[in-house]
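Chemist: Residues per chain are reported as follows:
There are 2 protein chains.
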Amino acid sequence: MSTTSQWIMEKATRAPIDFQLANCIRALAIDAVEAANSGHPGAPLGMADAATVLFARHLKFDAAHPDWPDRDRFVLSNGHASALLYAMLYLTGYEDMTIDHIKAFRQWGSRAAGHPEYGHARGIETTTGPLGQGIAGAVGMALAERRLADEFGADLVDHHIFALCGDGCLEEGISQEAASLAGHLGLGKLIVLYDDNGITIDGSTTISFSEDVPARFRACGWHVQACDGHNVAALDQAIAAAKAATTRPSLIAMRTVIGFGSPNKAGKESSHGAPLGAVEAAATKAALGWTAAPFEIPGELLARWREIGGRGMTARKAWQERLAARPADVRAEFERRMGGALPAGYPDAVEALKRDLFAKPQKVATRRASQIALEAITAAVPEMIGGSADLTGSNLTRVKAVDSQFTRSQSGRYVGYGVREFAMGAVMNGMAAHGGLIPYGGTFLVFSDYARGAIRLSALMRVGTIYVMTHDSIGLGEDGPTHQPVEHLASLRALPRLLVFRPADVVETLECWDVAVRNRHRPSLLALSRQAVPQLRGGEGEDPAGNRAGLGAYVIRSFGGDKRDVTLLATGTEVSLAVEAAEALAKDGLAVAVVSMPCWELFEEQPKAYRQQVLGAAPRLAVEAAGKFGWTRYVESEDDVVGLDDFGASAPAERLYAEFGITREAIVAKAKALAGRA
Amino acid sequence: MSTTSQWIMEKATRAPIDFQLANCIRALAIDAVEAANSGHPGAPLGMADAATVLFARHLKFDAAHPDWPDRDRFVLSNGHASALLYAMLYLTGYEDMTIDHIKAFRQWGSRAAGHPEYGHARGIETTTGPLGQGIAGAVGMALAERRLADEFGADLVDHHIFALCGDGCLEEGISQEAASLAGHLGLGKLIVLYDDNGITIDGSTTISFSEDVPARFRACGWHVQACDGHNVAALDQAIAAAKAATTRPSLIAMRTVIGFGSPNKAGKESSHGAPLGAVEAAATKAALGWTAAPFEIPGELLARWREIGGRGMTARKAWQERLAARPADVRAEFERRMGGALPAGYPDAVEALKRDLFAKPQKVATRRASQIALEAITAAVPEMIGGSADLTGSNLTRVKAVDSQFTRSQSGRYVGYGVREFAMGAVMNGMAAHGGLIPYGGTFLVFSDYARGAIRLSALMRVGTIYVMTHDSIGLGEDGPTHQPVEHLASLRALPRLLVFRPADVVETLECWDVAVRNRHRPSLLALSRQAVPQLRGGEGEDPAGNRAGLGAYVIRSFGGDKRDVTLLATGTEVSLAVEAAEALAKDGLAVAVVSMPCWELFEEQPKAYRQQVLGAAPRLAVEAAGKFGWTRYVESEDDVVGLDDFGASAPAERLYAEFGITREAIVAKAKALAGRA
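As they're listed, the protein sequences go chains A and B.
First residue of the first sequence: 1, per the UniProt record's numbering; consecutive thereafter.
First residue of the second sequence: 1, per the UniProt record's numbering; consecutive thereafter.
Treat each hint with caution, since some may be false.
What the hints assert, rightly or not - Each computed BS3-like pair below joins lysine-lysine, with the alpha-carbon atoms no more than 25 angstroms apart: (1) B/LYS243 with B/LYS317; (2) B/LYS608 with A/LYS672; (3) B/LYS400 with B/LYS360; (4) A/LYS608 with B/LYS672; (5) B/LYS672 with B/LYS587; (6) A/LYS400 with B/LYS268; (7) B/LYS400 with A/LYS268; (8) B/LYS363 with B/LYS400; (9) A/LYS360 with A/LYS400; (10) B/LYS563 with B/LYS587; (11) B/LYS672 with B/LYS563; (12) B/LYS60 with B/LYS317.
Said to hold, decoys possible - Ranges between beta-carbon positions, derived for each pair: (13) A/GLY676 with B/GLY589: 36 to 42 angstroms; (14) B/GLU654 with A/GLN410: 54 to 60 angstroms; (15) A/GLU636 with B/PHE295: 46 to 52 angstroms; (16) A/ALA617 with B/PHE295: 56 to 62 angstroms; (17) A/ALA359 with B/GLY676: 53 to 59 angstroms; (18) B/PRO263 with A/ALA359: 41 to 47 angstroms; (19) A/SER204 with B/GLU654: 31 to 37 angstroms; (20) A/ASP212 with B/ARG462: 34 to 40 angstroms.
No wet-lab data here; the hints were simulated from the structure.
All C-beta atoms, glycine included, are put in the ideal place defined by N, C-alpha and C.
Whole structure, please, built from the sequences with the hints as guidance.
Modeler: Here it is as structure tokens:
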């Protein structure tokens, strides 16, 4: 008799109802994967016992009210085990997840996608699949919980974040970044259950993974336990002990058998990423003592699961009463925050600052402009929580209203993420998905590469994470090509849904920030300069309540009348350079318009007539201190771009601009040639 | 009296010559940063003692022969401490690093760039600055050393890899990926010196970093020591003990004082990333007892350093004799390998396979085509070393010739990188920089995001790392949008120097592999399909010795004569779809050319006349199952691209192609409209 069969028999004897409940998950996972002829049965089979214990005995939730703000969050970091999550949601009675969705697992239109997709169904707390990011997102949720509890009190905010993860998550470096940060901040509400099954896609973890995971987490300040992941009592005790460890995050290393129950594939990588096959599926169900038809859950068991789904109702009602008992203004503020609306006074704060800037123009770097904007915005928007990946003084992300540091002993509005760009991004996504906070965080634009996986998830999840990326070109100077972004603007513009901003002056920076803050279902990335630029905006008759940057692109200067000889397109620090060039061209008798294009994505969303009017019919020349790739969207060919063809170099900024030919003279010469006036 | 001053006095008493040697580094670092008015003095001041001990007593090198293959490698992972490296190179007598370069630190044209740039001067073993990647690169070098030692014997290959790193490197997740892998593989020749100075850019490490680093590395199977980083004897002993630990990589956690010697900035973040300033620089030199003029090294000390630079001469000569004593064929092979030339029989192997394919066409996925190519190429090129980030069965990177697994007990030609894409990339860069091996490694194209920082460094360093990225579009199907690349081709095409390949069939895949293998100073990335495509190439009269994919783009099919009505541009799996559409268009009387564009970068490097001939004068339509961004380089607008506007979805591939409108019918309709024949 195989070890697995022995375990199964012991289990059936020891804890029949839990075992049967877990088998409901197993059966649905098997059926879903078989029907799709695609998917990952191994992890759901292996983690079903742990999920049962967690949902039946610990997780605070009310399936009928999946948006209850004080629910525990459940994150399936090993997202390929999605069938388990869908099974949990269906079994416990989330209305978004019907059996028909599970029957259509991995098919067009089903909410039960190949990997959990945030927004497909309530109860899917975040998108997972790209490994490691679920853990980091859970850290963000725990951070949000801590912050909101401090703001609104533990009677309104007091929930745990549970994350399941596998070896793959822990092999990814982001898991270390996240674990180190969580340990550092003592996020006691975070509990990670590690599915230690000894198997990766390529085979035994001994091929590539032999570290002592518990020791590693202890080194990061975590509370660590190990237990049998198929032993209900042991799991129950471990989770209880993890909850009792309130000053440290907890790791429970569960020894499990992947593909548990499968007579021939349990404990093997063959159960990981492919259907068991009809024969083995049948054999597995037989071994588990499961006799129901595919996708059918015996009435008694389903009823038991539905009871579990309603277990949190009492707690939720009590919470609702506590909320109702709060003063009206506190209640309103809490509901506003969790609902994602901005404060009523927010628009005035932006407009007031803009009036100031119009009255007293400022020549500053756009990173400094960002700081000026943040001073006003964070003071008006208490849900904004800032931070930097150890570049606070460079990113200028810390301002008065968020000056309180988030530490072990007090939550604050400023997070020292450390040199952990990827975790920063994923943590911010977790905060955004949690609700109640608007996260922003800074690093150098070149290190968006490190965070790219998280930026993509921000876009895919449609969350309003805000990336503050300074040192946005060769203009950073001496640090050289390792620190100088070249291809980054293009590579980020290629990403669907992301708003990429590169403002030209202090006013545009404020406007871009305004758009970013208002977009709660779309991420934003601000590319900001190290070097100073003159204020171009705020001339006669300009309405401080408007937002030109929000149009994506607009004519910022025009010389010589409506019949243009040439149009200069530019972004960021190169807009003022283009304006200088346009002035020189105008002196030579050319009619020139300068178009500032702080956000290509928003410009593409404007009506065609507006776009045509801005771009004009005259030849166009683009100016951007970055790679030329992508500019052919707006100019005839890359020959019509004043930009870079290769990486930068180490030297003072002025020298670099001169050496790479991004100069007023070069623009003038090219523009004249384009206009046929050379 | 400050602690620092006490230390300095103790030091001056205890080990005067070492202290003076270290002060040469300090003085040069101070002078370089002051002259540049830019840079990072803190780390060079803090690590000067360790660097002195390492170079003077342990590092095996001969400054007069910086390319000696059996030299120890020195990697400065905290690359912002570049002034230290340049000082070492100058002091020990590397001819590439003159005092004039150091005087021009961080200026245009100086080899002493802001961060160490591979290729600027021999002795700079790799590019560092993007934190954490230096450690991972060092792991790659240690891996290469182990492999080459097994191949050629310890009498030819027996050297250590020393890496210096700071807190920032260890906060980055990639350091954990690399450390875990190195520990797993027992890379005993790797010795990391950790500059534990308790300071990050934002201030004390207590803001964000409180993990027990030694415990974390022990958990990864490392040999771990701690010592005073200013105590020469302790450092000497620790390095000796690390070298004696031959079956495990070593970490030496050195407690150091950042900005050591600076009376007012030592131990503070203010010494990290800005010049000390003239007053503090003078005070520091005074405290150190340094009286020489800026950039001047007292003759006796420079002589001592030059002696150190020649210390390895005897060992190098003995090595040269051992090499000379080897059989001529072994010597020739070793020299070929280290010189980077391909084996004489390589072109024949490629041509033979192509003849086979011409004779017996194959309808296979391009990932399978890649495996077919690899079978032939790896058998002919023994320096190729493969691997995958735990997706071997999906990437199809493992073939017969590389079937030997790299383990603790034996080096092999296949590395199980684990789910560590970023480390895989950086490790491969390290192997490439080490020399003697051609690394390739696989993951899913979507996870190029995770490895992006390393891909950028491959390009910046001009090393020939080869990325095998399968599952290159929505064609992967059910795994859904988290796994489906959309923006990746564009974002990679935006990266300077990188060759991005997306071959159309088995023949093109072989040709792309051939170009990749031949390009030893430029990285390549192959985007390969999960789904099968027909073989399009190998028709009558085609020369098997040619390489059409190497042109970047070419007319693969032409219907209806030279006067085209429309041109279809496509890559990868969409080329055969475009051919089908072209056949339909031809039936309707249109003259159509189909252009396969497996590599945009190579196409751009062709003569203009060739490019014009391929692209033609007729309207053009592009077809690629990816985001449309960037295609305006070749088509009028993104309306003329059959591609994607948003993320993908979870469903079978055929359904996705139909839902997203990437179909023969859509191509035909759009092409007719473009040709004015709708």
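Chemist: Broken hints, numbered, in rising order?
Modeler: Result: no hint breaks.
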